[in-house]
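Participant: Chains as they are written, first to last, in numbering that gives the first Met the number 0: chain A, 0 to 129; chain B, 0 to 371.
Among the hints, erroneous ones may be present.
[Said to hold, decoys possible] Straight-line distance between alpha carbons at most 27 Å, and here's what the computed DSSO-like set of lysine-lysine pairs gives:
| hint | chain 1 | residue 1 | chain 2 | residue 2 |
| --- | --- | --- | --- | --- |
| 1 | A | Lys-11 | A | Lys-45 |
| 2 | B | Lys-176 | B | Lys-166 |
| 3 | B | Lys-330 | A | Lys-33 |
| 4 | A | Lys-45 | B | Lys-330 |
| 5 | B | Lys-282 | B | Lys-268 |
| 6 | A | Lys-82 | A | Lys-53 |
| 7 | B | Lys-268 | B | Lys-291 |
| 8 | A | Lys-53 | A | Lys-106 |
| 9 | A | Lys-33 | B | Lys-11 |
| 10 | A | Lys-82 | B | Lys-329 |
| 11 | B | Lys-330 | A | Lys-82 |
| 12 | B | Lys-21 | A | Lys-33 |
| 13 | B | Lys-291 | A | Lys-33 |
| 14 | A | Lys-122 | B | Lys-268 |
Please keep in mind that the hints were generated in silico from the structure rather than gathered at the bench. Nothing here was measured: the structure is a model prediction, and the numbers come from that model.
One-letter residues, chain by chain:
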Amino acid sequence: MATYPPELLYTKEHEWIRVDESIGTIGITDHAQKELGDIVFVELPKPGDRVTAKETFGTVESVKAVSDVYSPVTGDVTAVNSKLQDNPELLNSDPHDTAWLIRVRLKDRRETESLMTADQYEKYIQEATH
Amino acid sequence: MGLATTAGATLKRTPLNAAHRKAGARMVEFGGWEMPVEYSGIIEEHVAVRTRAGLFDVSHMGEIEVRGPEALPLLQFVTSNDVARLKTGQAQYSALMYAQGSAVDDCLVHRLGEGHYLLCVNASNTDKDFDWITRHNARFGADVRNVSADYAQLALQGPLAATVLAKVIRCDLAAIKYYWFTWAECCGVEGLLARTGYTGEDGFEFYFPLAESERVWNALLEAGQPEGLIPAGLGARNTLRLEAAYPLYGHELDEETTLLEANLGWICKLEKGEFLGRDALRKQKSEGTRKKLVGFEMADRNIGRDGYPVLIDDEVCGCVTSGSVAPFLKKNIGLAYVPTGRAEPGREIQIEIRGRLAAARIVPLPFYRRNG
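Chain B extracted, bound-state conformation (with noise of 0.2 Å):
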C-alpha cells in the first residue's frame, strides 16, 4: 500500500492539539497548521452534522481587527461586498480583491461597532492577507492589526447546534440570526458567538480568548453528548462545505479567476464606490466571462478528484478544483472550471482518472441545500 507519512516540519499548533490526540484525531498539515483531518471517520462526522451536531477547532483561521474613522473607507477599497450595508452586529461574506477582479483570499466581515470592523480569513493566507490590506492601509490610515495569536476558534455545525449550545450560553440564541453575531458567555467564557459557518447548516462560530480553549471545547462536547455531538476535522469540513457549493481559496479561488467566473457576483457591490478589482469586473460583466465554475455529478463510483483534467466533446477545457465523495448524498460530486459556453447542466463530460475516462454530467448548484 502506499501509505503516506507525515512529514516532521515545524508547525503551528492550536491549544488543542493535545485533547485532538488524546481523541484518537488523525493530524495532518494544513496551511502551516497540525490540524485534525478526522477523529471517528470522515463519514461518520460529516452525517453527524447533517444529522445532529459536529465541533470543529478552526483556531488556525486567522483574524485581522481594523479600527478608527479610517477603517469603513480602507475595508471598502480593498472588499468586493458593501461594507455600509453592516449593522453593528451583522456579518457579511466577501473578498479581498486583486485590481484584475480576483481574489487575494474570500473573508468573512464583522461589524463590531462604528469603525470597527473583525475580518476572518483562511488559515493559509492570514500573513498574505494582513500585509495586503496594510499596503492599501497606506492612503487610509487606519489601525490594522492582526489579531489571529489572540483568538480561539470552534465551529458548532448541525441541525442540533443551538439546542446544544443553549445550555452553555448566556443569551437568547433565538435572537441571532444567520450572518449575526452577539458578545456571548459561553461555558463561562466571554466571546464573539456568530451564527455563520462552512458547513452549509445551522450553526455557530465562537471567537474567544486562546487559553481558554481546553475549557470551552471540553464543555461543549460534554453538553453535547446527549445530542450525539462529536469532534469533526478537515476531512469532514471539506465534503461539508463541497456539498454546500462553497468555494476553498486555493481551490475555485486563486489569483488568475474573477469573482464573476467563480459564481459570487453576488458579493461584488459594483455600485458602492471605488474598490479594487472593480473596473476588471465592470468589464467582464459586459463582455461575459471567458470560464465558468460547474457542479458535476460522476456517473459510476469512481472519483473525479481534485486536479483531474476535464473533458467536453473530447478536449481538455478545464480541471476539477474540488471532486470528493459526498457522504450524505451519497454520491461522487466535484467543481470545475469549464467554457462558458459549455457549462449548462445537463451537459455530459469526461473527467479524466489517472489516464482512462470517467463519465460524469454537470447539474446545477449546489447539491445540498438544508431545510427551514
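Chain A on its own, in the form it takes in the complex (with noise of 0.2 Å):
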C-alpha cells in the first residue's frame, strides 16, 4: 500500500507539489508511476520556461504510451532533474522524493490551496479504481 507523504499537495491528474517559500517542486505521484508502467523517457521545460496552471509542461513516456504532465501552479521553471534524463526509471522506483520533475518560482502561492492533501488524494484515488 503505497504511503502519499503528508507534506505535499495533490492534483486530480496524479501530480504532486511540494512549497517551500516560493519555490515549488513537482512530479508525479506513486499511482501514476505505477498505472504507466516502466516510464523511459522524459521531456521537460527549460529553466526560465513559464509552466501554467492546469496546463502541459512536459511528458513521460512509457513503453507503450506518452502521457502528459500537468502542472499544479503558474510560475517560471527555476530547476529541471536532470537525473532522468539517463535514468528515466527513477520516476518508477521514487516517484516523490528523487525523481522530482521540476522546480518553480510560484506566481500565487493561493492556486495551492485548491489542491488535495495526502489523505484526500489516498481517498480520491481508492474512489477512482473502484
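Once you've looked at the hints, go ahead and assemble the two chains, each given alone in its own frame, into the complex.
Facilitator: Written out as C-alpha cells, the structure is:
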C-alpha cells in the first residue's frame, strides 16, 4: 500500500507539489507511475520557461504510451531534474522524492489552496479505481 | 497526467483471464480481446525472455483447419509460400494473399497429414481470414473450419524454454527442429507442440483444448520457477518481435503493401504455380518496388513511435509502422517504409516527434538475432 507523503499536495491528474517558501517542486505520484508501467523517457521544459496551472508542461513516456504532465501552479521554471535524462526509471522507483520533475518560482501561492492533501488524494484514487 | 482508462466494451476473454488478473496483470483491449499487456513490467518480461524464459497466453490467436483432397490446391492458391514443400510435422511462415500482391494476413501453415492442414492466424483477422479462404474454396471444395474456439495456445519462449518444458513433456524435445511440430502430452494434456514463436528466441507454442488452459498454464509456471520463468504479456511480445524485426499485421503489413515491399519475398514462391497475387508480385519483382521496409535507430533517447512521420532530406516520405524502446538492445528502434532509392543502411533520417524533428539512422535488419 503506497503512502503518500503528508507534506505534499496532490492534483486530480496525479501530480504532486511540495511548497518551500515561494518555490514549488513538482512530480508525479506513485499511482501515476504504477499506471504508466516502466518509464523510459521524460520531456521537460528548460529553466526560465513559464508553466501555467492546469496546463501541460511536459511528457512522461512509458513503453506503450506518452502521457502529458500538468502543472498544479503557474510560475517560472528554476530547475529541471537532470537525473531523469539518463535514468527515467527513477520515476518508477522514487516518484515522490528523487524523481521530482521541475522546480518553479510560484506566481501565486493561493493556487495551491485547491489542491488535495495526502489523505484526500488517497481517498480520491481509491474511489477512482472502484 | 493523461492516464488512459479502460473502456468497458464487450471484449472476448481467454480462459486465463482470471489467472492473469490474479497474477497482477494490467489488461488491455487487443483485436477484440481483453489481454494482459504486462504483469511485472514490460522491460522485465522482455529481458526474461531473452535471458531465461517467458510464458505467453496467446489463446486469442485464430486456428483454421483445412482438410480433404482439395486442401493442398486451395492453400496453394490462397497463400504465398509453397505448401507442397511441407512434410507432415512441418510448419511454414506464409501469407494469405490478395490479387494485388498484398496480404490478407500473415500466418503459419502446419501440415498435420496428407490433405490435412492447420493455419494459425492473427486474432484481429480470424473472421476475415476464414471468410476469405471460404470464398475462394468455392472452386475447390475442401473442408474449411474455423476451430479457434476449440484451442488454447501458450507460447513458452527463451533460451531456457526447452529446459523447462522437458520437465513436463513426454517426448524428445531435441528431435523437434525449428519450425517442426509433434503431438505431445504436456502437463498431462495432449496437444500440438510446435517449435515456433514470435520472439526471436528458441521456444515452443502449444495448441491444446481450451478447457485445460489453467492446468497447463499453472503447471508450466510451477515447473519453470527454478529457471526464473515468468508470465509475459502483449507489451513484451511486441518489443520482442520488434527487436527481431518480425512484421505485425496492421503495421508492416496491410492491404496496400506488397510482400516484396515488406521484405517478405522469401515467402513468395513465384514458381510454385498460380496463386492470388503471383502476377502482381512477378510484375513488381521485375519493375522494382517504390517503397521498402527499413529499420531505424534513434540517435538520442527519444522514441519514434507508431505513426510518426519520417523525413528524408527534409521531406516527409513515410511514417513509422512500429517504433519503441528495445529493452534488451537498450536502444530506441523502429520500422518504417521509405522510398526504395533512399533505403540504404547508414542513411540519416528524421522522425517527427510531436512537432519536433529527431535524428535517426537507417540500420540493417534484424536489430537482434539470437546466438545458436
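Participant: Compare the distance between the alpha carbons of Lys-82(A) and Lys-329(B) with 27 Å, and conclude whether the hinted pair is satisfied.
Facilitator: holds (18 Å)
Participant: Between Lys-291(B) and Lys-33(A), does the CA-CA distance stay at or below 27 Å?
Facilitator: Violated: Lys-291(B) and Lys-33(A) sit about 39 Å apart, past 27 Å.
Participant: Is it true that the CA of Lys-282(B) sits at most 27 Å from the CA of Lys-268(B)?
Facilitator: It holds: about 14 Å lies between the C-alpha atoms, which stays within 27 Å.
Participant: Between Lys-330(B) and Lys-82(A), does the CA-CA distance stay at or below 27 Å?
Facilitator: Holds: Lys-330(B) and Lys-82(A) sit about 18 Å apart, inside 27 Å.
Participant: Given the hint that Lys-330(B) pairs with Lys-33(A), does the C-alpha gap stay at or below 27 Å?
Facilitator: holds (23 Å)
Participant: When you check the alpha-carbon spacing of Lys-33(A) and Lys-11(B), does it fall within 27 Å?
Facilitator: Holds: Lys-33(A) and Lys-11(B) sit about 25 Å apart, inside 27 Å.
Participant: Given the hint that Lys-11(A) pairs with Lys-45(A), test it: the Cα-Cα distance must not exceed 27 Å.
Facilitator: holds (25 Å)
Participant: Is the hinted pair Lys-268(B) and Lys-291(B) satisfied, with a Cα-Cα distance of at most 27 Å?
Facilitator: This hinted pair holds, its Cα atoms lying about 19 Å apart.
Participant: Given the proposed pairing of Lys-21(B) with Lys-33(A), does the C-alpha separation stay at or below 27 Å?
Facilitator: Holds: Lys-21(B) and Lys-33(A) sit about 17 Å apart, inside 27 Å.
Participant: Given the hinted pair Lys-176(B) and Lys-166(B), is their Cα-Cα distance within 27 Å?
Facilitator: Judged against 27 Å, a Cα distance of about 18 Å means the pair holds.
Participant: Tell me if the straight-line CA distance from Lys-53(A) to Lys-106(A) falls inside 27 Å.
Facilitator: holds (14 Å)
Participant: Tell me if the straight-line CA distance from Lys-82(A) to Lys-53(A) falls inside 27 Å.
Facilitator: holds (25 Å)
Against the hints set out earlier in the document, violations occur for numbers 13, 14.
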